[in-house]
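Those protein sequence lines, which keep their order, are chains A and B. Take the first sequence: its position 313, counting from 1, is numbered 313 in my numbering, and each next residue is one higher. Take the second sequence: its position 281, counting from 1, is numbered 281 in my numbering, and each next residue is one higher.
Just so you know, these hints were derived from the structure itself, not from any lab. Here the structure is a predicted model, which is why all the values come from computation and not from measurement. Certain hints may be false.
SDA-like cross-link-like pairs, simulated, lysine to any residue; straight-line CA separation at most 20 Å [to be verified]:
1) A:154 <-> B:263
2) A:251 <-> B:263
3) A:251 <-> B:118
4) A:94 <-> A:57
5) A:154 <-> A:299
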Amino acid sequence: MNRRTLGKALLGVAGAVVALAVGTGGAAAQEKLKVGFVYVGPISDHGYSFQHDQGRLELEKALGDKVTTTYVENVPEGADAERVIEQLAAQGHKLIFTTSFGFMNPTLKVAQRHPDVKFEHATGYKRAANVATYSARFYEGRTVVGQIVGKMTKSNIIGYVASFPIPEVVSGINALTLALREVNPKAEVRIVWVNSWYDPPKEAEAAKALIDQGADVIVQHTDSPAPIQAAEERGLWAVGQSSDMTRFGPKAHLTAIVDDWGGYYIQRTKMVLDGTWKSEDTWGGFKDKMLYLAPFNPAIPADVVAMADKTKADIMSGARHSFTGPIKDQSGKVVIPAGQKATDEQILKMDYFVEGVVGRLPK
Amino acid sequence: MNEVLQFLGPVLAAMLTAATPLLFAALGELVVEKAGVLNLGVEGMMLVGAVCGFMVAVNTGSSTLGFGAAMLAGMVTAALFGLLTLGLLANQVATGLALTLFGVGLSALMGQGYVGRPVADVPELRIPGLSDLPVIGQALFGQDALVYLGLAMVPAVHWFLFSSRAGLVLRAVGENHAAAHALGYKVLRIRFLAVLFGGAMAGIAGAYLSLDYTPMWAENMTAGRGWIALALVVFATWKPVRVLAGAWLFGGVTIAQLHIQGHGFAVPAQLLSMLPYLATVLVLVAISRDVARIRLNAPACLGKVFHPDA
Numbered sequence: 001m002n003r004r005t006l007g008k009a010l011l012g013v014a015g016a017v018v019a020l021a022v023g024t025g026g027a028a029a030q031e032k033l034k035v036g037f038v039y040v041g042p043i044s045d046h047g048y049s050f051q052h053d054q055g056r057l058e059l060e061k062a063l064g065d066k067v068t069t070t071y072v073e074n075v076p077e078g079a080d081a082e083r084v085i086e087q088l089a090a091q092g093h094k095l096i097f098t099t100s101f102g103f104m105n106p107t108l109k110v111a112q113r114h115p116d117v118k119f120e121h122a123t124g125y126k127r128a129a130n131v132a133t134y135s136a137r138f139y140e141g142r143t144v145v146g147q148i149v150g151k152m153t154k155s156n157i158i159g160y161v162a163s164f165p166i167p168e169v170v171s172g173i174n175a176l177t178l179a180l181r182e183v184n185p186k187a188e189v190r191i192v193w194v195n196s197w198y199d200p201p202k203e204a205e206a207a208k209a210l211i212d213q214g215a216d217v218i219v220q221h222t223d224s225p226a227p228i229q230a231a232e233e234r235g236l237w238a239v240g241q242s243s244d245m246t247r248f249g250p251k252a253h254l255t256a257i258v259d260d261w262g263g264y265y266i267q268r269t270k271m272v273l274d275g276t277w278k279s280e281d282t283w284g285g286f287k288d289k290m291l292y293l294a295p296f297n298p299a300i301p302a303d304v305v306a307m308a309d310k311t312k313a314d315i316m317s318g319a320r321h322s323f324t325g326p327i328k329d330q331s332g333k334v335v336i337p338a339g340q341k342a343t344d345e346q347i348l349k350m351d352y353f354v355e356g357v358v359g360r361l362p363k
Numbered sequence: 001m002n003e004v005l006q007f008l009g010p011v012l013a014a015m016l017t018a019a020t021p022l023l024f025a026a027l028g029e030l031v032v033e034k035a036g037v038l039n040l041g042v043e044g045m046m047l048v049g050a051v052c053g054f055m056v057a058v059n060t061g062s063s064t065l066g067f068g069a070a071m072l073a074g075m076v077t078a079a080l081f082g083l084l085t086l087g088l089l090a091n092q093v094a095t096g097l098a099l100t101l102f103g104v105g106l107s108a109l110m111g112q113g114y115v116g117r118p119v120a121d122v123p124e125l126r127i128p129g130l131s132d133l134p135v136i137g138q139a140l141f142g143q144d145a146l147v148y149l150g151l152a153m154v155p156a157v158h159w160f161l162f163s164s165r166a167g168l169v170l171r172a173v174g175e176n177h178a179a180a181h182a183l184g185y186k187v188l189r190i191r192f193l194a195v196l197f198g199g200a201m202a203g204i205a206g207a208y209l210s211l212d213y214t215p216m217w218a219e220n221m222t223a224g225r226g227w228i229a230l231a232l233v234v235f236a237t238w239k240p241v242r243v244l245a246g247a248w249l250f251g252g253v254t255i256a257q258l259h260i261q262g263h264g265f266a267v268p269a270q271l272l273s274m275l276p277y278l279a280t281v282l283v284l285v286a287i288s289r290d291v292a293r294i295r296l297n298a299p300a301c302l303g304k305v306f307h308p309d310a
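Using the sequences and the accompanying hints, generate a full structural model.
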């Protein structure tokens, strides 16, 4: 056999394999809907990606007879993400959840090439006919946390380990600072950006630097429990992110803002199954059960717990909004006048720090 | 003035801990390179050490055993490198790179069930009185044992290389393996031992990160520190004391940028994150200008394959 015929033979075999694969793929798709998930971190980060995967598992539990799920973890934001999303679409996934802000543009690109596939992008703002967006109103949790830490701090310095200066993170910092100053006008928030969602050594270094500068409460908007460990080691307080991180610092862990995606994933998948899915934006808070607070540390005094519970109830009933004017930015300029509430658009585009935050916002 | 001192104390203490993993890995690699072997797999060996140390520490509850396991794991990985490059005469650069990639994957695989599990922290040694001294108290007298061990390794390695007979032989092997062979020294055996030492040191460096610095295991948690350690060896022109200086410089810049941010100075965070790497490049450029100095200290047989029968 010369090289050419060998090549042809191989091509033939390859063709047969592809045909077979497509055949079985088609048959499977008729029986079960394939749902794909793309995570930015490892599912074992016990933070943000872990919570998304909990949502996926709930979906499997609820609709396991109608759907199969696949996930890809540890996907870097950027060009690689597009390849991963494309692959999921090419493998016959008809509903794909891309769960990090940085997947926004790759998701839209892949969505253009696969009009028959439905995409759901978390925490972004760009939509298309087959791309919906969803997020949780994390800032509502930060309002409650702000009040708690305002009461717990003795040094009046709150250390904040932050990931990237995007509106989601900035609005979280502002919501926390506003609530903090409401109960403790002397307190301030110091920010350290680590420019990563998940880099345990760097997050720990940042937390320690903040502690060395006098912070006695560490709040984080990054995904690893390293800042909690740093606070535990120094005998201080900390607030967890995305999931309950109590076991990393049983003494330090005041509470955590926990994301809860299961309900949303089940609801959207059902919509695809019965054909009622359409592209829209979902932004749910405490009321929609898209986030909740982890059990409070028993060391928090009863009156503080009562205040936190009331604030949460008020947010759920609509009696309270995290961004109610007058709100001044760092330069003292009024950005939300008295009596007004920030619109969703204003929150989603927040690009300033409020009074009480130390440090400038990187532009 | 008081505020400056208050700022300086914690920065110094944090700098020493940030420099420790770099110091271990770089000192190990320095000995390896002095024997004439270039092992680019430091990052991989660190990761394997980090995950093995963590697994053993979680299962036994003893961080001492964890560090022992990390040393062993680093040595096993290094032995693989030694076998390929010294035994089978594989290209050292390619094998070293492969070792790093292998270490990243292997450690992720081994650590799958261990991500996000807590482990007991290594306690800090506190010397009553001395640890409470202003500015230098915590930096000098309030660290954990590994920081002191790292510092002690500097004079130890220096003494070994430049004052002991064994060190002289090791350097001879690195400078001119043919001559050393002609004198009857077992070039390959000496190099293999040096590679094992490098592996053990990289293993400790990795375990320092997973057991002490941030007591947890996360995939790829060394985050490029192995590469920095490699650069430090050149930066230090193969001198242990300069490795210490380089590790402190790098650790210092890493920590200082976080403190500067917390104080709210108007410097972009991205620029600050870049600083440690920028500092490394600048220093490398500065010392590379002096060709004579590099030639004087760089082992002449670095990276060259040796075959006893050739």
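For each hint, the structure was consulted:
Restraint check for residue 154 (chain A) and residue 263 (chain B): the C-alpha separation of about 19 Å stays at or below 20 Å, so the hint holds. Between residue 251 (chain A) and residue 263 (chain B) the alpha-carbon distance is near 27 Å, which puts this suggested pair outside the 20 Å criterion. Restraint check for residue 251 (chain A) and residue 118 (chain B): the C-alpha separation of about 14 Å stays at or below 20 Å, so the hint holds. Of the supplied pair hints, the one linking residue 94 (chain A) and residue 57 (chain A) holds, its CA atoms being roughly 18 Å apart against a limit of 20 Å.
This hinted pair checks out: residue 154 (chain A) and residue 299 (chain A) have alpha carbons roughly 14 Å apart, not beyond 20 Å.
Hint 2 alone, counting from the list given before, is not met by this structure.
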